[in-house]
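K.L.:
Build out the structure end to end from the sequences listed, making use of the hints.
If you want the building blocks of each chain, they are given just below.
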Amino acid sequence: MTRQDKITRAFKQVGTRPPRPDGIDKVTGRAMYGADMTAPGMLWGKVLRSPHAHARIRSIDTSAAEALEGVKAVVTGADFTLPEDDFYRDVAVNCMAQDAALYDGHAVAAVAAVSEAVAKAALKLIKVEYEVLPHVIDVDAAMTTGAPVVQPGRAYENVPEGMSENVTSHCEFGHGDLAAGFAKADVIVERSFRTAATHQGYIEPHACLASMGGDGRADLWCCTQGQFHVREVCAEILGMESSQLRVTASEIGGGFGGKTTVFIEPVALALSRKAGRPVKIVMKRDEVFRATGPTVHSSIDVKIGMTRDGRITAGEAHLRYSGGAFPCGTVDMGAQSAFAAYDLDAVRTFGWNAMTNRPKEAAYRAPGAPQAIYAVESVVDELCQKLGLDPLDVRILNAARKGTKSAYGPTFDEIGLLATLEAAKAHPHYTAPLGPNQGRGLSCGFWFNFGGNTCVTMNLAFDGTVTITEGNPDIGGSRASISLMAAEELGIPYDKVRTIVADTASIGHNDITDGSRVTFSVGLAAIEAARDAIAKMCARVAKIWGIDPDAVEWKDGAVHPSGPNAGKFPPMTLAEIAATSPNTGGPIAGHYEVNADGAGVSFGVHLVDVEVDPETGATKVLRYTVFQDAGKAVHPDYVEGQMQGGAVQGIGWALNEEYIYGEDGRLQNPGFLDYRVPVASDLPEIETVILEIPNPGHPYGVRGVGETPIVPPLAAISNAVSRAAGVRLTELPMSPPRILKALSAQG
Amino acid sequence: MKTIPVSTRVNGDSVEFLCAPEETLLDALRNRLGLTGAKEGCGSGDCGACSVLVDGRLVCACLVLAAEAEGAEIATVEGMAEGERLHPLQRHFIDSAALQCGVCTPGILVAAKALLDHNPDPSDEEVRYWLAGNLCRCTGYDKIVRAVQSAAAEMRGA
Amino acid sequence: MVKVLLWGSLRSATGGQAEVEVDATTFKELLDRLAEDYPGLRPQIERGVSLALDGVIYREAWFTPIGPDNEVVLMPYMTGG
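Protein chains in written order, with this note's numbering: chain A, 1 to 747; chain B, 1 to 158; chain C, 1 to 81.
Just so you know, these hints were derived from the structure itself, not from any lab. Owing to the predicted nature of the structure, the values given are computational and were not obtained by experimental measurement. Just so you know, even glycine gets a beta-carbon here, dropped at the ideal spot from N, CA and C. Be a bit skeptical, because a hint or two may be false.
Stated by the list, open to error - Sample of chain A residues with no beta-carbon within 12 Å of chain C, all distances over it, derived: (1) M37; (2) A589; (3) R738.
Claimed, not checked - Calculated pairs, DSS-like style, for lysine-lysine (alpha carbon to alpha carbon, straight line, at most 27 Å): (4) K555/A - K543/A; (5) K386/A - K425/A; (6) K3/C - K28/C; (7) K274/A - K284/A; (8) K3/C - K405/A; (9) K405/A - K425/A; (10) K2/B - K124/A; (11) K536/A - K496/A; (12) K386/A - K620/A; (13) K303/A - K402/A; (14) K28/C - K405/A; (15) K402/A - K184/A; (16) K405/A - K184/A; (17) K555/A - K536/A; (18) K124/A - K274/A; (19) K120/A - K2/B; (20) K3/C - K402/A; (21) K284/A - K2/B.
P.N.:
Below is the structure:
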């Protein structure tokens, strides 16, 4: 993709807020989500899960379950042939345990029966003989030598000798001379932090409906962020050819990264293959908590040096993440993003991943970044307090900008951080008065953003209306933004464009809806597909007029003669071209395929005021403002929605949400009652300020916005609470008991 | 398995179905009557995605037995619009972008309608507390509160 | 020749060098040369790497042209939410 020097285009439709095309379906109950599909002859599938955190599976006797009337198939690990590739094999083993149950909730068997009730009864008849093994839940404990080993022989070559076998990978980033940097500092603060594992908490549990015939062809309907990825993983696990498996993405009831992998889909396919009938599996909420998601939990040490006037002289972080019972690369992204907001001469981050007997980590908005940036931004805030400096001024002074050699290596091009910080400083929120027991906190946030494999087709109907066929599930209004960009490029009204999300047999591969990539990449491909069709329309009209194709141009939704020798012809509109297309060469379509790069990194700043009740330790969020660079906000309502939703997920992470394990290694809070996500009455308005600094990697300057907003809330709230309470908090979530403990320790 | 015959009214229509004694109203609506607008988010009354009205009372359909629907008047999201005319709440939810993934939306619409039925002019705080039993993980609730308020204003003729 | 900046933990495969020079004009050539010249890098390259070229991150594009004046930084392959 060519880089745009300057985007000065005056947009007619991009930047407006029309109703989303799937709105009526979603307010009337008509929209079909994962659990809403049925098929004739359908069976109900249910999964048996390990009650142990760690156990060898000695034997599984399924004979009594198979004998129960109404049971049509039972599968265990023995029904899956394991892929050789580590990535696929880990996904397969996570979907169905092989010789060992690696965490509480790990699937060990599944049944398909004529009703949910029969399937449930059949699960009780499956006899699993477990040999319970010692378990380890905490990352620091898992890294000590002699800790129970979750899986042997999984360490990468980059892990130093002599570490616990649970340590799977090590990474290091940074540049400069740390010792010299710390020597220049007037004040050095060194702190250790811990963050709990949280769950993405999508309201729709995983659900799928699989149908596989005796000929090996299969159809799968499921709620996923990426139907093509589901196809590839399931084909790999079941030994099928990709083209024999058609995956249709249902409407998706939230994902936030948690639906970028598979859990029940290969199981439903295996059951369907065995039973010869369609099989539907719908997870219960406790299964969602015990066996899907969560984030890593972390233990982080940060050391930062600062001069009296606020210049950071050196920064160092040691990050220990655990992505559950399998190797996990999320710590790499934490170690890269920890200091991304700063222009530093000396910076070093070290990361380790260690396995624990917890569910396999799944991505959650900006995976790895919130924890790392929370720790760094907390220490920066403490330094500001110690030196009596304004925390925004210090961030402006040290902010990464164009030409900064980033802490993770590359030199930054145009980035919006400084403008975002300055917008925060100019905002009335920053100078509003605070009352007793109240504190104000802020934090920067960062995410890389991706592009990725993308394939879009534009079809022009004979009546002059347009279909955009794309392959990324619409998780938060993307049909609207893609339609807007296509309409803009074609110069036709938004309501003449319909964007549909196709199944895996109907369009080429599209990467998962992740990495804040859809509005960027699919938008880019839709614009280019429209341009492809425009070129064809220009050629048709040139032929009609009998002039050279170079002598016409596309302007405002019509072909015009161009140049002095083109002749005088009335412009021909898209609708007129469409109507004559059967006579001029047949249907007109545009197509574009790309592995998009140039997504452009994303920065944001959050400001928050809180009040801490010294009697109860409860924190009330009083005021919240999000500042973020969107490049170009295609549909500002849904950009604001991403910023607000991400901020509130971060508020939950900061104040309430955590995976709580008992001594027995079992998850104690697998439900929304005890795993408390923010509710409406917990929150104030979430004010948003969108900055638009065009991204040179996109034809309209678009930058992904979805992930960055979950990054700053953790530190912003921790800094606000610490200032309100007069004591530095270093562990998330800051639940009332933790805050009370910190207050009483301070005396 | 013993089944129980149930006669009830759903969105104004008489319906009859057979259900198991332990079957929830939510399962009966979804699996027996094909009304899949109400969703199961938790099965324990914590998320509100299955909110429906039983005789005008807002309930989580996952906590009500199907057999309890005998003789009752049930209202679900599918009954909110009149033909192609959307209820003002539905319209304002679309216009105010009060949904992202949309899976909590049916429950929130039913709950919001129940609020406005008895309190046509709620404060923001009243809206937030009323909807505290309906989880939304996408929006941060901000646009939901605004949509409810603009629908309420329209319905009051303000 | 192109200078390639490696992240810290890869230096054990390059005898401690933070920056190595390889003869390459595209991303693919660069990966092939790195794996040949520094076999210790091969496992990481097979697991996946991204490439930042003058600050723009490329994840997989083999034919991305690389010139001697470009700033080339190797990064782990990234996934998102």
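K.L.:
Each of the hints needs a verdict: does it hold here or not?
P.N.:
Evaluation of the provided hints:
1. M37: holds, 26 Å
2. A589: holds, 26 Å
3. R738: Holds, because the least Cβ-Cβ distance between R738/A and chain C comes to about 26 Å, which exceeds 12 Å.
4. K555/A - K543/A: holds, 18 Å
5. K386/A - K425/A: holds, 21 Å
6. K3/C - K28/C: holds, 15 Å
7. K274/A - K284/A: holds, 24 Å
8. K3/C - K405/A: holds, 16 Å
9. K405/A - K425/A: holds, 25 Å
10. K2/B - K124/A: OK: K2/B and K124/A at ~21 Å, within 27 Å.
11. K536/A - K496/A: holds, 19 Å
12. K386/A - K620/A: holds, 25 Å
13. K303/A - K402/A: Distance ~26 Å between K303/A and K402/A Cα, so the pair holds.
14. K28/C - K405/A: Measuring from Cα to Cα gives roughly 25 Å; hence the hint holds.
15. K402/A - K184/A: Measuring from Cα to Cα gives roughly 25 Å; hence the hint holds.
16. K405/A - K184/A: holds, 20 Å
17. K555/A - K536/A: holds, 14 Å
18. K124/A - K274/A: Answer holds: K124/A to K274/A is near 20 Å, not above 27 Å.
19. K120/A - K2/B: Holds, because 17 Å separates the two Cα atoms, which is no more than 27 Å.
20. K3/C - K402/A: holds, 21 Å
21. K284/A - K2/B: holds, 25 Å
The structure shown violates none of the earlier numbered hints.
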